[in-house]
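In case you want the letters, here they are:
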Amino acid sequence: MHSVDLDIYRPIAILMIAAVGFAISPLAMAWLWSKKFSPRKPGPVKNATYECGLASQGDAWIQFRAEYYLYAIVFLIFDVEAIFLLPFAVAFSGLTLGAAIAMLVFILLLAEGLVWAWQKRVLVWV
Amino acid sequence: MDQKLKIELSQQGIFATTLEEVYNWGRKNSVWPLTFGLACCAIEMIATTMARYDLARFGAEVFRPSPRQADLMIVAGTVTKKMAPQVVRLYNQMPEPKYVIAMGACAISGGPFKQGYNVLKGIDRYIPVDVHIPGCPPRPEALIDAFMTLQKKIDAQHLTGDLRPRHLRADTSSEFVVPQYGAHDLEPAKNPKLWNITLKATPTEPRAGENEPGKS
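Chains as they are written, first to last, in the numbering used here: chain A, 1 to 126; chain B, 1 to 216.
Extracted from the complex, chain B is given alone in its bound form:
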């Protein structure tokens, strides 16, 4: 519906809307997250749902213990390589439409454990992440901001047409490849359909301060 016409109509006291808007309005205000925490970010997530920060104001207070009743997965914390298959399997078991918030430095990139051997360098290697929140851990306000960002994203999704999201396309699967424990690493190490970023090898330059007398 034309936005200008809608504003003009509302000035005349006529409220006009579309099915898509009503549908998205309902959807964005009743997101049910999965009860699911991996590390210290989960404590902040719990705080977000409690009286002081009160995520219920945004319609997302019903944390479900079953993936079959959940819309939103908040990956709150460090995803170890041992835990990654379970996270992907839980995501696969959620019904469509489903959304993911990667909360904290660990969930988006591996965080302080990025150089370690046992931590996944970001859950977006296996599942499509809608909102990334940096922070270690992010404050509850940051999670609320991420949730509001997700609400804006849900609100902008189209029901029909070429721009409609993945869950409304019949040709896309709702399941993503679940990694297996291999001899050295998870196999596959990433989902190439989601993560196809090639890391550029930067030429090694002497860092500022190095090779200068008087500095160590």
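Same shape as in the complex, but just chain A:
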């Protein structure tokens, strides 16, 4: 009974060996072909990092300026504020005094942040 169970899997094993052989044999043939016929021809231009007509210059390890980071954060904050302003404007006439004051505080806080960023010259692109 046990041996019969194993026999079921024999075609799968044969197929797996065939599949691996099918994948490896072209690679092996190409490797043998290059050994027999085509000599390796490396060179400084051929082995260059970039396949470009122009010779690469300088170093890839350069520092980027962090300025844009602050600019992007300020943009993100005011982008979100604009989303909150839209329902505020739509429901403006129906708002209670508490809600209106809460919204004004929110806007004033962000406006203060804008003034701070302005004074720190974040908005000036150098």
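Each hint should be verified, as a subset may be incorrect.
Unchecked claim - One side only, chain B facing chain A, incomplete, derived with CB under 7 angstroms:
| hint | residue |
| --- | --- |
| 1 | D2 |
| 2 | H158 |
| 3 | D162 |
| 4 | L163 |
As the list claims (entries may be wrong) - Restraint ranges, calculated between C-beta atoms of paired labels, are given here:
| hint | chain 1 | residue 1 | chain 2 | residue 2 | range |
| --- | --- | --- | --- | --- | --- |
| 5 | A | I12 | B | D2 | 54 to 60 angstroms |
| 6 | B | K153 | A | P26 | 23 to 29 angstroms |
| 7 | B | L5 | A | I12 | 43 to 49 angstroms |
| 8 | A | A28 | B | S66 | 32 to 38 angstroms |
| 9 | A | M16 | B | H158 | 25 to 31 angstroms |
| 10 | A | P26 | B | L9 | 40 to 46 angstroms |
| 11 | B | L194 | A | I12 | 26 to 32 angstroms |
Just so you know, the hints here were simulated from the structure itself, not pulled from any lab data. Built from N, CA and C at the ideal position, the CB exists for glycine as well.
Chain A is fixed; fit chain B onto it per the hints.
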């Protein structure tokens, strides 16, 4: 393999071939050109690959944007002296075996700009050209003809022996000298291994029609 024997065998219904023939047959029918155009000839080259002329019929429709995947460089257009180093460097970066078609009057000789100060007088001064096509620009049929000529050339290449091509010889480099911008011209002005033709100085004769009264 003896051609006579092969024909005789095929008459008896036996197909015989050699490894070299099968290899070259595969190679010539799957040439991958480099996506690379320099001037108006490139428009004709693009037309050649499109539906009307259809270079895909010859197995050369896969234009590669990287020299590392390309077999064939079609120098399509005017090679200025500013562009020549880039062309040679791209050629150097192509893997072997590699072939070059110089397309159009400019690429083979400088064409209408030959007398100019800034145009290279033929790309064959720096890289080995397999097929030259004249024309300004050559029609797509001319490019297809050049491609078929290249296919015949690939088909005739030997794998072994003294007649085998450059890329199968271990002692030849796959890189050619990349010219630099000099004070007046590209340095070197040519690759002496490829271009060693000395131009003969012709004696100056009065042209027909000159110095004759009544004609100007």
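* **Contradicted hints - numbers only** => When the structure is compared with the hints, numbers 1, 2, 3, 4, 5, 8, 9, 10, 11 turn out to be violated.
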